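Since the structure of chain A is provided, determine the placement of chains B and C on it from the hints.
The residues making up each chain are set out below.
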Amino acid sequence: MPDKRIEIKATRYDPATDEKPHLQSYDIPFYDESMVVLDALNHIKSHVDGSLSYRWSCRMGICGSCGMMVNGTPKLTCNAFLRDYWPRAIIVEPLNNFPIIRDLVIDMEDFMRKLKSIKPWIIRKQELPLGAGEHYQTNEQIDDFRQFSECINCMLCYAACPVYGLNNEFLGPAATALARRYNLDSRDQGLKERLPVIADPEGVWECSFVGECSVVCPKGVDPAKAIQQTKLDTTMRFVLPYGNRD
Amino acid sequence: MSEARRRPALSHLVFWFLFSQGGVITALLLPVHVLIQGILGPLGIVPVVDRHYDTWVNVIGNPLVKLYLLVLIMFAFFHFAHRLRYFLMDLGVHAAKTLPAQAIFYGGAVAVTLVAVWILLTTAPLSFG
Amino acid sequence: MTTEAPAAPREFAWRMPGNWWTRTRHYFLYMLREFTAVPMALWLIWLLYEIKRAGSGPHGYYPRSSTAFVVFSVIVLGFVLYHSYTFLKLAGVIIRVKLFDRPVPSQVIVVTMFGSWALASAVVGFVLIWFAR
Chain A
460 MPDKRIEIKA TRYDPATDEK PHLQSYDIPF YDESMVVLDA LNHIKSHVDG SLSYRWSCRM
520 GICGSCGMMV NGTPKLTCNA FLRDYWPRAI IVEPLNNFPI IRDLVIDMED FMRKLKSIKP
580 WIIRKQELPL GAGEHYQTNE QIDDFRQFSE CINCMLCYAA CPVYGLNNEF LGPAATALAR
640 RYNLDSRDQG LKERLPVIAD PEGVWECSFV GECSVVCPKG VDPAKAIQQT KLDTTMRFVL
700 PYGNRD
Chain B
35 MSEARRRPAL SHLVFWFLFS QGGVITALLL PVHVLIQGIL GPLGIVPVVD RHYDTWVNVI
95 GNPLVKLYLL VLIMFAFFHF AHRLRYFLMD LGVHAAKTLP AQAIFYGGAV AVTLVAVWIL
155 LTTAPLSFG
Chain C
4 MTTEAPAAPR EFAWRMPGNW WTRTRHYFLY MLREFTAVPM ALWLIWLLYE IKRAGSGPHG
64 YYPRSSTAFV VFSVIVLGFV LYHSYTFLKL AGVIIRVKLF DRPVPSQVIV VTMFGSWALA
124 SAVVGFVLIW FAR
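Protein chains in written order, with the numbering used here: chain A, 460 to 705; chain B, 35 to 163; chain C, 4 to 136.
Chain A on its own, in the form it takes in the complex (with noise of 0.2 Å):
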């Protein structure tokens, strides 16, 4: 029975010497059912091309280095089954909407320094004694931002909004849902010290719901459902004036 095989098309760029990216075609083995592209791309690395470079740790879908576009969509490439693909090529990417630093790796920095603009840390006003123990929280109060805090920083839904594409200033989905999660967090009380950022011109406003940032996370953590709540939340927050203000 002749091995099943199949095509791996992956970005090149080498900074050093390439003035734009482009794809490199690689033929391998497909001998197990369960393979994934990361397993592709790590045949690729360790048995016919050493020079390919990408991210990856965990390879079970839970640390998000993985991220790449697999035929347009972006995926977690530990989760993107060559099954589903075989016998059609499949086109490897660095993510969409970031600059290329070398092959299949992205520059991340924006996406980090968002994520820290919005304070993502239990803020107090008034920090509990020692003496009064922990604070108390019911799975009711969980439950209120539990999706929120599933993220785990794949940058998959940056990748899939146009207007992050469009607009690199724009806050984004992760970074919103996060700061959603800490605002919505009943040991939380630090929503003022975050609303300069969320609700300055380039973060929520900017969103026009596309929902394609929900559609493509891993995790299901509803991003464009954080955004969208967001805007609602700060809008009451101005227009009633018992809203909720802390």
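Among these hints, one or two may not hold up.
Sample of chain A residues lacking proximity to chain B, with all beta carbon distances greater than 10 Å (derived) [unchecked claim]:
| id | residue |
| --- | --- |
| 1 | 462 |
| 2 | 484 |
| 3 | 493 |
| 4 | 538 |
| 5 | 588 |
| 6 | 597 |
| 7 | 600 |
| 8 | 612 |
| 9 | 644 |
| 10 | 667 |
| 11 | 698 |
For lysine-lysine, the following PhoX-like pairs were computed, each having C-alpha atoms within a straight-line distance of at most 25 Å [said to hold, decoys possible]:
| id | chain 1 | residue 1 | chain 2 | residue 2 |
| --- | --- | --- | --- | --- |
| 12 | A | 584 | A | 651 |
| 13 | A | 651 | C | 101 |
| 14 | C | 92 | A | 678 |
| 15 | A | 479 | A | 504 |
Across the chosen pairs, the derived CB separations fall in these ranges [to be verified]:
| id | chain 1 | residue 1 | chain 2 | residue 2 | range |
| --- | --- | --- | --- | --- | --- |
| 16 | A | 568 | C | 20 | 21 to 29 Å |
| 17 | B | 156 | A | 612 | 58 to 66 Å |
| 18 | C | 38 | A | 504 | 41 to 49 Å |
Note that these hints are calculated values from the structure, not bench results.
What you are looking at is a predicted structure, and each value in this text was computed from that prediction instead of being measured.
Think of the CB as a built atom: it goes at the ideal place given N, C-alpha and C, for glycine as much as any other residue.
Below, chains B and C without anything else, positioned relative to chain A:
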């Protein structure tokens, strides 16, 4: 992009609020108007108030109807202005983000609203028939 | 093309393709949804004009009956229905309501929105037809 420049954008908040209310209002009300006044009426399938001068004048003379039409037009055109501005931004027209563009689009919505006020006040005298 | 290598490694900047919205069905449907504002605005401008023409007296007023106008309205109706369907469905995502401290499921909110649409249409439709007798 420094920290110091970040501040809540009240104007964008207002634009979004009017856009979203306008979206709800047009979503709820526009289909029946288009269906009845645009299709069933002209085809003669049902009698519609704007098919005859006297019934039309009678209805649009009613102050409640005038108020309804004004609210519909005002919110609808703010919705359209906002959506069109963002549509242009999506097409890569970066000029649509600027302050002059905002003035043109939202100012346009205000202008249409004022025209509607003028039309409603000067057409079909107020009647409670 | 120069054969000299650049002094420092440089990143390849991202450039958004002008035809990005043709690349997936979802992006295209999104742009279609945004575009609905244009036909809706045109039809409402027609309505304003119909109201204005009532001011030209009984001899000057005639209702639009041309085939072209009906075709225009049919096209507009298609866009209007698409706007209503997408907007009311998405409103269920945005609105967060708590009843007796438990969050109301988004499906209930969506059903309420569509129910309101049916009710509003019935009321307005009634007024438009009843007063034409």
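If you test the structure against every hint from before, which numbers come out violated?
10 and 11
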